[in-house]
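Q: Going line by line, the protein sequences match chains L and G. Position 254 (the first sequence) corresponds to 253 in numbering that gives the first Met the number 0; numbering is contiguous. Position 247 (the second sequence) corresponds to 246 in numbering that gives the first Met the number 0; numbering is contiguous.
One thing to keep in mind: the hints can contain errors.
Said to hold, decoys possible - Output of the computed footprint for chain L on chain G, the stretches with three or more beta carbons under 8 Å from beta carbons of chain L:
id : segment
1  : 57-63
2  : 94-101
3  : 154-165
4  : 249-261
Stated by the list, open to error - Derived CB-CB ranges, DEER-like:
id : chain 1 : residue 1 : chain 2 : residue 2 : range
5  : L       : L91       : G       : A182      : 27 to 33 Å
6  : G       : A182      : L       : G28       : 52 to 58 Å
7  : G       : E261      : L       : F190      : 17 to 23 Å
8  : L       : G113      : G       : A18       : 19 to 25 Å
Simulated from the structure, these hints should not be mistaken for laboratory data. Think of the CB as a built atom: it goes at the ideal place given N, C-alpha and C, for glycine as much as any other residue.
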Amino acid sequence: MSSLSTSTLASTPVIGKKKRDVAYLLSLGFLMVVVAAALLAPWVAPYAANAVDFTAIWQAPGAAHLLGTDQVGQDLFSRLIHGARESLLGPLALLALATVFGVTIGTVAAWNGGWIDGLLARITDVMFAFPGLLFVVLVIAVFGKGPATAIVALALAYAPVIAKFTRSLALAEMARPYVDAYRVQGVGGFFLCVRYIIPNLTPPLLGYLVVLFGEGLMSLATLSFLGFGAQPPSSEWGLMVQEGQSGIIQGHIWPTLVPGAAIAAVVVAVNVVGVRLSDRLNSRFER
Amino acid sequence: MSEHVLEVDGLQKAFRVGAGNVVACNNVSFAIPPGGSMGLVGESGSGKSTIARMLVGLETPDAGTIHVRGRQLGTRERGRAARLRRAKEIQMVFQDPYGSLDRRLTVAQCLDQAMRLHGVSGSSRIAGLLDQVGLLAKHGDSKPHQLSGGQRQRAAIARCLAIEPSVMVLDEAVSALDVSVQAQILALLNEIRASSGIALLFVSHDLAVVSEVTDDVLVMYRGSILEQGPTGRVLNAPEHSYTKLLISSMPGPGWDPKNVLERRAAFLAEVGV
Numbered sequence: 000m001s002s003l004s005t006s007t008l009a010s011t012p013v014i015g016k017k018k019r020d021v022a023y024l025l026s027l028g029f030l031m032v033v034v035a036a037a038l039l040a041p042w043v044a045p046y047a048a049n050a051v052d053f054t055a056i057w058q059a060p061g062a063a064h065l066l067g068t069d070q071v072g073q074d075l076f077s078r079l080i081h082g083a084r085e086s087l088l089g090p091l092a093l094l095a096l097a098t099v100f101g102v103t104i105g106t107v108a109a110w111n112g113g114w115i116d117g118l119l120a121r122i123t124d125v126m127f128a129f130p131g132l133l134f135v136v137l138v139i140a141v142f143g144k145g146p147a148t149a150i151v152a153l154a155l156a157y158a159p160v161i162a163k164f165t166r167s168l169a170l171a172e173m174a175r176p177y178v179d180a181y182r183v184q185g186v187g188g189f190f191l192c193v194r195y196i197i198p199n200l201t202p203p204l205l206g207y208l209v210v211l212f213g214e215g216l217m218s219l220a221t222l223s224f225l226g227f228g229a230q231p232p233s234s235e236w237g238l239m240v241q242e243g244q245s246g247i248i249q250g251h252i253w254p255t256l257v258p259g260a261a262i263a264a265v266v267v268a269v270n271v272v273g274v275r276l277s278d279r280l281n282s283r284f285e286r
Numbered sequence: 000m001s002e003h004v005l006e007v008d009g010l011q012k013a014f015r016v017g018a019g020n021v022v023a024c025n026n027v028s029f030a031i032p033p034g035g036s037m038g039l040v041g042e043s044g045s046g047k048s049t050i051a052r053m054l055v056g057l058e059t060p061d062a063g064t065i066h067v068r069g070r071q072l073g074t075r076e077r078g079r080a081a082r083l084r085r086a087k088e089i090q091m092v093f094q095d096p097y098g099s100l101d102r103r104l105t106v107a108q109c110l111d112q113a114m115r116l117h118g119v120s121g122s123s124r125i126a127g128l129l130d131q132v133g134l135l136a137k138h139g140d141s142k143p144h145q146l147s148g149g150q151r152q153r154a155a156i157a158r159c160l161a162i163e164p165s166v167m168v169l170d171e172a173v174s175a176l177d178v179s180v181q182a183q184i185l186a187l188l189n190e191i192r193a194s195s196g197i198a199l200l201f202v203s204h205d206l207a208v209v210s211e212v213t214d215d216v217l218v219m220y221r222g223s224i225l226e227q228g229p230t231g232r233v234l235n236a237p238e239h240s241y242t243k244l245l246i247s248s249m250p251g252p253g254w255d256p257k258n259v260l261e262r263r264a265a266f267l268a269e270v271g272v
């Protein structure tokens, strides 16, 4: 009787787990290939990023050009790989910046409560009501366009979101008795937050940040597409989409489709990995 | 005066709930001699946990003083030295053995950090502490989720002992454990008390548990002490009607829940609620 019930109980989650693992492993493998290609770009790419060849413009994918060429005959596959560096490092820098701000503010708000907490709530309310992209364009209008400004502006937009998430996690964490136990031991507030509470927030936070990475990649690509982020001759993916769109009217879809698909594929893979990762980390960390 | 290791005098605390105040602790005074063991019993909401939290500095009393070994504890410690000094005097074991240990740290890391915080170096002491609380050396490398409830509570006790306090407050420390594990932990506490001379304040709603480990007992109801005295006397020949009610509420042979409810109603009528 007991063996029957345990086997039926155990069987359901195992099936679900295996199914999800395939998507997770595929996504993880794909991302690793993309990152490896970005790191090894000069050696992996068959052409230089900006090697112009007017004898081979607007080529469809083929043997000479794996993913085709654009309006000046640049190899799209090579540009994609070279552009992967900027396209992936951009959201990474943006998240690093936003995380430092967000986690600090969120933890302080949770620990102190009071007016700091109130101020954070108001700022996040404003940020949520205000379209993020509009805010970013505003910042760029003030400080000038360019990849660095785009990253800082987006980091400012993301920081309150991370702060709010961190605050809710930290509040739940601070209600756990081990935090009281540290206080009874004589651990001070700052040390307690930095050394014990924030590390305990890392697993759920990490999963969330991975998902945000996908969003950040998309936002940065959008800014580049609009001309506010990466500037030519960069082959950042959003910029590639923008440069390719002139060919669409003439029926040349590859210069737009290739970077567009790359953005979509990476974002989807990052989301799958992020969700799965947070599940794993959380289940391992709960109790 | 200083023949007592812990002296609590006129402790007062009220919490604001909605528009009114709830008095969690009303003019509470008691003292524990060195190596003594005091029980603090009462039903949920009687204010016993509030007293425990005030003693270790997690709550600030509205009035009253707390002396440990003749030295008064501040109401709110400012600065590292003052915090550590208080911690060195008085430590606490929490009710929830699942949540009171940092799930990221192994037992040995937990003990090591507590000792280092208090300037006691020496991983050599960790083995001794584990042994003292009845844990094996291998448990030092375990994280809390790999241990049973009883083992976790032993680890929590070891963490207190690492700091070598004069007083240990146990807030419902065995309530979350099953009866056989309870007995082991209580035996361990008696052992620690006998060998180290650390005074215990045992907060519990469970009279049977209190009778195992305490010399004296305080009976609390709605923030006030109704009766106090030697544990044996109070439990065998209670004077206050509330103590009698509390004792008759304990399940046992011939126990009748209906009878308990009737007596409770009679008591509430008596105190005028």
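Q: Mind listing which of the numbered hints don't hold for this structure, in increasing order?
A: 1, 4, 5 and 7
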